[in-house]
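Number of protein chains: 2
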Amino acid sequence: MNSIEVCFTPELIHLHEVKGKLVVVVDIFRATSTMVAALAHGVTEILPFADLESCRAMQVQGYLIAGERDGLTAPGFELGNSPTAFLEGNYAGKKLAMTTTNGTLALDKSKCAAEILIGAFPNLQATANYIQSRNLDVMIHCAGWKGKFNLEDSLYAGALVQALSGSHANQEDGAIAMSSLFAQVNENLPDYLAQASHAKRLQNYGIEADIAFCLIRNRYKQVVGLAGDGALRVIEG
Amino acid sequence: MNSIEVCFTPELIHLHEVKGKLVVVVDIFRATSTMVAALAHGVTEILPFADLESCRAMQVQGYLIAGERDGLTAPGFELGNSPTAFLEGNYAGKKLAMTTTNGTLALDKSKCAAEILIGAFPNLQATANYIQSRNLDVMIHCAGWKGKFNLEDSLYAGALVQALSGSHANQEDGAIAMSSLFAQVNENLPDYLAQASHAKRLQNYGIEADIAFCLIRNRYKQVVGLAGDGALRVIEG
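Top line first, the protein sequences correspond to chains A and B. Numbering (the numbering used here) for the first sequence: 446 to 682. Numbering (the numbering used here) for the second sequence: 446 to 682.
Hints are computed from structural coordinates only; laboratory data are not their basis. One thing to keep in mind: the hints can contain errors.
Note: identical chains are not told apart, hence a pair may lie in one copy or across any two.
Stated by the list, open to error - Result set (DSS-like, lysine-lysine): computed pairs, CA atoms no more than 30 Å apart in a straight line:
1) Lys539 / Lys464
2) Lys645 / Lys539
3) Lys645 / Lys464
4) Lys464 / Lys591
All chains should be modelled from the sequences, with the hints used to inform the complete structure.
What follows is the structure, given as structure tokens:
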């Protein structure tokens, strides 16, 4: 059996061994859900940026630019951080440069992993299947909210720990806690998360459709990973 | 209603507002359980130290010295970190200087709180009752294990959130997650925690009696808090 562990926020990543592991970066509301949706609906690649300026600068190179801060589209950006913007395939064939409050930071702090995947509920099972084709210890890196633990990312972590129970031993405290909690919540996930602080924040922005989308399970067979050139692409499916 | 939140490790305390709050410091295996046991069985005060040397220096002032690192009694110390050492009242009337791997650090990092209590299962309900007599927002500061999340401290946090549900609104993600998990585990706490990484570490030291003691609920009516002079004392009961 391989091992699996959960890092609840990028603020704790220095306490985890990243090197040699397969790291799954998770920012359910909404960065990684948006990445999966965009690539599943025809966007050819996504370049992630930690800061707004570097991201904005990609526009002159023909990239569509997506920038979000604190849940809102950043000034001067074409797109924010909405997965539902991609569902009609309006951006198929385009390249996307993207920066978000938490998700792109978690990605940045996972850089020395053996392999990096992007986790989201809509392609949970496809991601689990792909991981089981690799022989690597797994670390699930939750983006959290401004450094703090959040419910939606850690519940995804619990769901992935559960999906990998046949291949990855559930022995680390964070993984144990979250797989138990996910087993308890399971089908009530949307209602349970309606209590979560971030969901409440997002509800204030009138993006209920985004929230609902982010909690759909297993709509896509596409697995998303970070390629050697620093771009996120569909690596399987 | 007052608010309640959970900080899973001292590594995240800078993201929480401590000032003005009642902070409950928790290190179930075993620092805070030992503090409660010692004071409930007649130790008159405990001076907590972050480092071994300052702690050891208190011996010449007549303090009994207790030092633990990585689960073992530190070299040259009279006592380690075992709550059961105090249960016969052998140290009644003594003053104790104490340093532990995680617990005393969490205490140190809680210093600017309005009030600091020591949390443990053996005096859970007494602590909850005392908190309800104060009109303060609560932060539960889990000591964790070397900066990481651990199951036993966070499950205590969940138990305390539940015990305070009549007075402190459960709206923060860490508090929501852990009160749900505690409700699920509840009577199976010892078996559930037998999976936890720290319990496994301690089992290797042959201290099953300590672990069993740390999970007993509501044996004591004594509430333990940090006094103005920096000593831990029974403040009620």
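query: With identical chains treated as interchangeable, where does the CA-CA distance between Lys645 and Lys464 reach 30 Å or less: within a copy, between copies, both, or neither?
result: between (35 Å within a copy, 25 Å between copies)
- prompt: How would you classify Lys539 and Lys464 at a CA-CA limit of 30 Å: within, between, both, or neither?
  reply: Result: close neither inside a copy nor across copies, 32 Å intra and 49 Å inter.
query: For the identical chains here, do Lys645 and Lys539 meet the 30 Å Cα criterion within one copy, between copies, both, or neither?
result: Neither, since 32 Å and 51 Å both go past 30 Å.
task: Classify it for me, Lys464 with Lys591: is the Cα-Cα distance of at most 30 Å met within a copy, between copies, both or neither?
output: Both: 24 Å inside a copy, 19 Å across copies.
Checked against the numbered hints above, the structure violates hints 1, 2; every other hint is satisfied.
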